[in-house]
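Colleague: Here are the chains, one letter per residue:
Protein chains: 2
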Amino acid sequence: MARRLIVVSNRGPLSYGRDPSGARVARRGGGGLATALRGLLRRDDVTWIASAMTDEDRAVAAEAGGASFAEEGRDGSSFRLRLLAHPPAAYAGFYDTVANGALWFLQHYLWGLASEPELGADFHAAWRDGYERVNETFADAVLAELDDDAAVCFHDYHLYLAPAFVRAARPGALLTHFVHIPWPDAEYWHALPEAYRSAVHRGLLANDVVGFHTERWRDNFVEACRELVGADVADDGTTVRFEDREVRAVAHPISIDVEEFEALRDDAAVLEEERAILARRPEYLVVRVDRTDPSKNIIRGFRAFELLLEEHPELRGRVVMLALLDPSRQTLRAYEDYLERASAEAQRVNERFAADGWQPVDLHVRDNFPQTVAAYKQFDVLLVNAIYDGMNLVAKEGAFVNTRDGLVVLSENAGAHAELAEWVVSANPFDLEDQAEGLYRALTMPAEERRRRSSAAAAYVREHDIDAWVDAQLDEIARLSGASRAV
Amino acid sequence: MARRLIVVSNRGPLSYGRDPSGARVARRGGGGLATALRGLLRRDDVTWIASAMTDEDRAVAAEAGGASFAEEGRDGSSFRLRLLAHPPAAYAGFYDTVANGALWFLQHYLWGLASEPELGADFHAAWRDGYERVNETFADAVLAELDDDAAVCFHDYHLYLAPAFVRAARPGALLTHFVHIPWPDAEYWHALPEAYRSAVHRGLLANDVVGFHTERWRDNFVEACRELVGADVADDGTTVRFEDREVRAVAHPISIDVEEFEALRDDAAVLEEERAILARRPEYLVVRVDRTDPSKNIIRGFRAFELLLEEHPELRGRVVMLALLDPSRQTLRAYEDYLERASAEAQRVNERFAADGWQPVDLHVRDNFPQTVAAYKQFDVLLVNAIYDGMNLVAKEGAFVNTRDGLVVLSENAGAHAELAEWVVSANPFDLEDQAEGLYRALTMPAEERRRRSSAAAAYVREHDIDAWVDAQLDEIARLSGASRAV
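Line by line, the protein sequences are chains A and B.
If you number the first sequence the way our numbering does, the last residue is 487 and the count never jumps.
If you number the second sequence the way our numbering does, the last residue is 1487 and the count never jumps.
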């Protein structure tokens, strides 16, 4: 028998709505994390705890009396789901102000500390009445579901405090947490008041295992625990001793569902989008695919592309950057501004260089997944120049799906760089020259070398797919529980 | 015999000009570092190498044929001075673009990485033809002055590359470097391209000793050497092994010239400024004294003071913040903007609360040292809320000079906090509430507790003055040379 898993993440694997006839429908939850975790549903006896995101989610939660209920995944896998309907004001403080408005910025080094953050009464209220309260609600739900046979898998930056609430009530519980975004160094955590930065680290140290995508983020976390809450670190550099407990800090890179992307290559909608791209295809196609998030470094990307055209006039008229941007978090002012400035930048580059019906930047601002997959198939160069990124699955998806021996120009600060370094063209995300030169090197690399790198990267992703990541999580749990996991 | 010291810093202990009659005059060099280092002149056989800053400096350098010449300090101490007249374009790249425009921002965490820095061709040229070249010029001058009996003391962020040039030419030289600003964590150094961040760390590791004001910056440096250039760190955490050499990383907090400040208390100009302050003195006087540098956190300081008035209406009309701001680096756009925004912020607070002839903020933007000392004597609370600060001597000067049992509200990210924590009111520089509450606590603390803290802090500064810091440098050199230092 597999051990029962309680998966806890802010966004669940599905979300409810109504179709035009008024009938309730379950849709796949958005966000990369929910996609990745769906693999778990096929494998184990899972109870999933998540926030009610839509009105219909709230209705479903109310019908279930706040308890968990049986659900079915689209692949027929069955699981239990428990939706938490938070008070809207608490949720706004938790989600917009603290998680996305502060922790995300802090953990991607996006704050210009000269003027941001400016933590006033609103922020303190959002922390206390939002982030703490919602985390406590998650912890209460976990406690309601928890029996001796269950292991808890918390996910991401929304839930740093919940493990400590659970640990206080159930000292023997088996708790794990996976952090999907970068962990900054101890010094930068000083941007949060002592009470909060210490609560974050104490909360995570209430788990038995804390996972990251790379050793780099893992090591930063371990060092921050030492510096910020005085934890002891064993000689192995990964076992942290804190308040008479041992916590293992581990690195397991997440990946993509290889079978899903293999099937997508021949998906009808993808093929249609691919025909549209082919009909307008220039000699060289540079692609970028990103949520419109400041951490993705979209503006510097356009400037680097501009620099490429400036320094290599022979490429004008022959290369296009197809930028597929998925609007993200547009309720946050910084995100709205960022998208506006990115669009203006693309337009500026176009106005500077457009000639004879050729436009250097082909910008699409909408969520169109079939178009994304088609672009993955068709790129000569995929630009992934993230400022900081926990993993960046675009790099892996693109490397796997591409059909033209395309190369990835990859930020040294993306988690994926730790795995793909030898086959990509590395770039410093703050250095426009380096990015422009990287684009040029990738575009002009001899065909044989392009083929070698491209196929090696694709083979790597095939070997290290999402199942390997899910296995790694389950192995950690099996090791902790001392029981061998049924397969 | 004392060992001969070659002191190397961008700004020298004095600078030349012409008086109204056209006669050459030597003026004390500006900047905190030159002031601190002047103590050295009284102690040893010193040759000082510095950049020619003024036209008259260049004339003096030309007359000396670029070689060193004998000079005399204002206290009669004699030393040799060698002024380097750099090509203006190289110096601009070195000083404005790289040292003050990049390293200063990086080392104080001032960059909002979403949009800064943007390293284009200009920056690369400034690094190569400015920072590298000027550092090489400094190294050449050191080599020209260096004999077997001399020890070299490099200072600060302008000269990270020079030690490596010297070491390459003279493997047995005795080299030390003191860094007067914070050292950020390894992760944040990724804002510079690999070649540059690695050159910075390799350059410093070419010394025998690298000094910092606090263990916090020292530890960050050691960890960064491990992560960024693969140096080995011994179990003591302070001995770094790199390329078959051993480097000691040390922490020695700089301090003030206690005798000088003692004398200043009764200086005629100070007494006149003090009378002016007394004539307008409110019941409670809050003082801040800073260069107009974004790292000093002036804007958040005004907002925190605004919050104090908002939350404690009983203080309106009874408290004034006297802000003495010394205009700094106004050739850099970011500094010009910052001063403008800070002034606007002070005005906004005044417009919001001014009543019955009372204005909450009394802003002075000019360099007026006697006024500063007078304000030190008169404050009830000194606000030092720096974002990050290597040391911050204002906190020590104020604590030592004050005559009213005044308290310092001190940023947890100022180097001085490591020494003064138990007597100050600590504040997080990003947390407006915390700063406003800190001001309130300091203003309303019982008289006896204020007296206890204030006198303990002053006694600490008296015991740990600039001479103790100079001794620590000379002891390091004596230890290295295996010779006992003549006193």
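No lab work stands behind these hints, which were simulated from the structure alone.
Glycine residues also receive a C-beta, built at the ideal position from the N, C-alpha and C atoms.
There may be inaccurate statements among the hints.
[Stated by the list, open to error] Beta-carbon label-pair distances, calculated as ranges:
{"no.": "1", "chain 1": "B", "residue 1": "D1235", "chain 2": "A", "residue 2": "E194", "range": "46 to 56 Å"}
{"no.": "2", "chain 1": "B", "residue 1": "G1120", "chain 2": "A", "residue 2": "A279", "range": "45 to 55 Å"}
{"no.": "3", "chain 1": "A", "residue 1": "A121", "chain 2": "B", "residue 2": "A1456", "range": "27 to 37 Å"}
{"no.": "4", "chain 1": "A", "residue 1": "A269", "chain 2": "B", "residue 2": "E1136", "range": "55 to 65 Å"}
{"no.": "5", "chain 1": "A", "residue 1": "P20", "chain 2": "B", "residue 2": "G1120", "range": "48 to 58 Å"}
{"no.": "6", "chain 1": "A", "residue 1": "A150", "chain 2": "B", "residue 2": "D1235", "range": "41 to 51 Å"}
Colleague: Confirm or reject each hint.
Modeller: Status of each hint after checking the structure:
no.	hint	in the structure
1	D1235(B) - E194(A): 46 to 56 Å	29 Å, violated
2	G1120(B) - A279(A): 45 to 55 Å	35 Å, violated
3	A121(A) - A1456(B): 27 to 37 Å	33 Å, holds
4	A269(A) - E1136(B): 55 to 65 Å	60 Å, holds
5	P20(A) - G1120(B): 48 to 58 Å	52 Å, holds
6	A150(A) - D1235(B): 41 to 51 Å	42 Å, holds
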